[in-house]
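2 protein chains.
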Amino acid sequence: MSGYERFVRRVVPYTPGEQPQIKDKIKLNTNENPYPPSPKVEQALKQMEMDSMRMYPDPAASDLVEAIADYYHVKPSQVFVGVGSDDVLAMSFLTFFNSDKPIIFPDITYSFYDVWADVFRIPYETKPLTQDFEIDIEDYKTENGGIIFPNPNAPTGAQLPIAGIEEIVAANPDVAVIVDEAYVDFGAESALSLVGKYDNLLVVQTMSKSRSMAGMRIGWAIGNEKMIGYLNDVKYSFNSYTMNRTSIVMGVEAIKDDVYFEQTRKKIIATRERTKEQLRELGFVFPDSKSNFIFASHPKYEAKKLFEALKEKHIFVRYFDKPRIDNYLRITIGTDEEMERLFEFLKNYMR
Amino acid sequence: MSGYERFVRRVVPYTPGEQPQIKDKIKLNTNENPYPPSPKVEQALKQMEMDSMRMYPDPAASDLVEAIADYYHVKPSQVFVGVGSDDVLAMSFLTFFNSDKPIIFPDITYSFYDVWADVFRIPYETKPLTQDFEIDIEDYKTENGGIIFPNPNAPTGAQLPIAGIEEIVAANPDVAVIVDEAYVDFGAESALSLVGKYDNLLVVQTMSKSRSMAGMRIGWAIGNEKMIGYLNDVKYSFNSYTMNRTSIVMGVEAIKDDVYFEQTRKKIIATRERTKEQLRELGFVFPDSKSNFIFASHPKYEAKKLFEALKEKHIFVRYFDKPRIDNYLRITIGTDEEMERLFEFLKNYMR
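Read top to bottom, the protein sequences are chains X and Z. As numbered in UniProt numbering, residues 1 to 351 make up the first sequence, in order. As numbered in UniProt numbering, residues 1 to 351 make up the second sequence, in order.
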């Protein structure tokens, strides 16, 4: 081992879902939106003035921050933006989770939380979901250094009702509570309504799913002005200009085109509800999903084998080889046609 | 103070240069390129297929990594990319500077180094430049936890010859040595030629200056495969997808258009050399710059007052209110016309 290697931060990184390069495929493995972004996003991109590229972008990304603030009826000083909600969450861990006590999150959840805790050397404890994959609120009333959970949860898709979220936030006034709402636009109730009431609540959202912009990496946090100020201080101690010019321009249009947003998310919700019926008919069981995916298990068919068989036919879903969930598949909601092809395959497979 | 605030990471953030929103201005304050990016960058952007935006970008940004590797004749596994060289440097601090001993860098240098050290709680020591603003190599032969310096240095523009860099790298086999080459394309000698010889050397570059792409935030590190592997592990523990789809597509074209790159950087070098002559005629003194800026002082005119007077006429340069350099102005090289307007002003001011 070379000398310098003794001082390397050793980590076990997060593994993102596969991005297969095959042309003819059905990609239901990374919770992307099956529909393209608003046509106004394309217009804005194609009209971009190229000379400006030589200049640094606005470090505060003010146009984007203001568009988000307008949309959610908060002050621009309550909005923090980043390179996808992953960047926003990483910055939030670094900013708010500096206690000696462990932060807490569910045992089954977004698998990046323990990775961030590890890279920043933050102690953590996981709290087991109930047998029905629900968060037990009492678990979040113990002493801790901070709390984070997704709502709806991933990869289960299950929602914690707003009253439960408020109970957790209210019980923990002395730590930051982060609600990761990556999937909230598909039918769950947002905790944004609580931001005015609690100064320790941070709500994190993204354009990757409901606004079809995973390729552009745009996420944000909304919270009390003071919290956002702390986040910005850390961001400006890391990278002054995180949002490039194309992200700012495209992000503004994506958030402004509310009509398109409502259309696509309603289409996905409708497809999800039909998918639930069809999966049920085939004998699958799953928590009731309020997200753009369904976390399904079949009492007779092994998930891992099914995952492999689907993959062979170029139908990609996500499988997690982890305790408690190793017999589940996370299936992203695609177009009706894509889901139809999935069902055809499943019917054949189970015949 | 609210309870959660006790656990907030308190930092004093980096202050980026002003981005004035005035239309008619001469902007010589943030070392941007006065020429637009290659026309091929625009073409590629305008031809982007919008449906792909709904999907995550390639987490490895392979197209961009390969284009950079091709250009510099290294293996793709020796290239790490990030959201500007600031992101690359932040990740490098986090990855390699984990010793209890202080890292070292010059007292007059890029003012983000101490900010990164502070945010990650890395001990550091600065080594004074000589009176002529040169790095004293002997200073970098003491025990340390890592070394970083820019070449050419910022904001001085002075170059450390390659033999000096090699002496520092060779004297420090047990720590990572980072050479920050943000401005190297304007005439300094790159340390890339040493990467094959030393496994602890990391060379960091950017598209922001010489490739006119500050607005897109694209930077990279080149080093030993193992170093790049460690960097990637930390990056994948922070944000899987840092480079968005537009960055990857535009970055590839910017690096491939070598003809345009050579043209613009030669134009800037020529303007810089003329600028040196004219500044000298006006009585300014400055270290010999190998960058796209000149760090100039005048024995008779106070830098701060000159800075304010220029600003009033919408000519923006950079002034640092810091020990040893508080009578200097950092003047970015613009077009010949822009520099002409600067000289006109200076001649009048000094009449």
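One thing to keep in mind: the hints can contain errors.
Chain copies aren't distinguished; within one or between two, either way the pair holds.
[Stated by the list, open to error] Restricting the straight-line Cα-Cα distance to at most 30 Å, the calculated cross-link-like pairs of lysine-lysine (DSS-like) are:
1) 256 with 46
2) 46 with 197
3) 23 with 256
4) 23 with 46
5) 101 with 266
6) 27 with 46
7) 101 with 127
8) 46 with 25
9) 197 with 25
10) 40 with 23
11) 267 with 197
12) 256 with 101
13) 75 with 23
14) 311 with 266
15) 276 with 75
Calculated directly from the structure, the hints in this document are not laboratory data.
**Asked** Taking 30 Å as the upper bound on the Cα-Cα distance, should residue 276 and residue 75 be classified as within, between, both, or neither?
**Response** For residue 276 and residue 75, the Cα distance exceeds 30 Å both inside one copy (39 Å) and across copies (48 Å).
My question is about residue 256 and residue 46: at a cut-off of 30 Å on alpha-carbon distance, are they close within one copy, between copies, both, or neither? both (17 Å within a copy, 22 Å between copies)
Note to self: For residue 256 and residue 101, with the copy left unspecified, which applies at a CA distance of at most 30 Å: within, between, both, or neither?
What the structure shows: Classified as neither; 41 Å inside a copy, 50 Å across copies.
inquiry  = One pair to classify: residue 75 and residue 23, alpha carbons no more than 30 Å apart. Within, between, both, or neither?
reply    = between (44 Å within a copy, 27 Å between copies)
How would you label the pair residue 40, residue 23 (within, between, both, or neither) given a Cα cut-off of 30 Å? Classified as both; 27 Å inside a copy, 26 Å across copies.
What label fits residue 46 with residue 25 when the C-alpha limit is 30 Å: within, between, both, or neither?
both (28 Å within a copy, 26 Å between copies)
query: Is it within, between, both, or neither for residue 311 and residue 266, if the alpha carbons may be no more than 30 Å apart?
result: within (28 Å within a copy, 52 Å between copies)
Exercise for review: Can you give me the call for residue 23 and residue 256, within, between, both or neither, at a CA distance of at most 30 Å?
Suggested key: Result: close only across copies, 26 Å inter versus 32 Å intra.
Could you place residue 267 and residue 197 in one of the four classes (within, between, both, neither) given a Cα distance threshold of 30 Å? So residue 267 and residue 197 fail the 30 Å test inside a copy (33 Å) and across (58 Å) alike.
Please work out whether the CA atoms of residue 101 and residue 127 approach to 30 Å or closer within one copy, between two copies, in both situations, or in neither?
within (15 Å within a copy, 38 Å between copies)
* Asked: Taking 30 Å as the upper bound on the Cα-Cα distance, should residue 197 and residue 25 be classified as within, between, both, or neither?
  -> neither (46 Å within a copy, 45 Å between copies)
message: When Cα atoms must be at most 30 Å apart, do residue 23 and residue 46 count as within-copy, between-copy, both, or neither?
response: both (26 Å within a copy, 23 Å between copies)
The structure shown violates the earlier hints numbered 2, 5, 9, 11, 12, 15.
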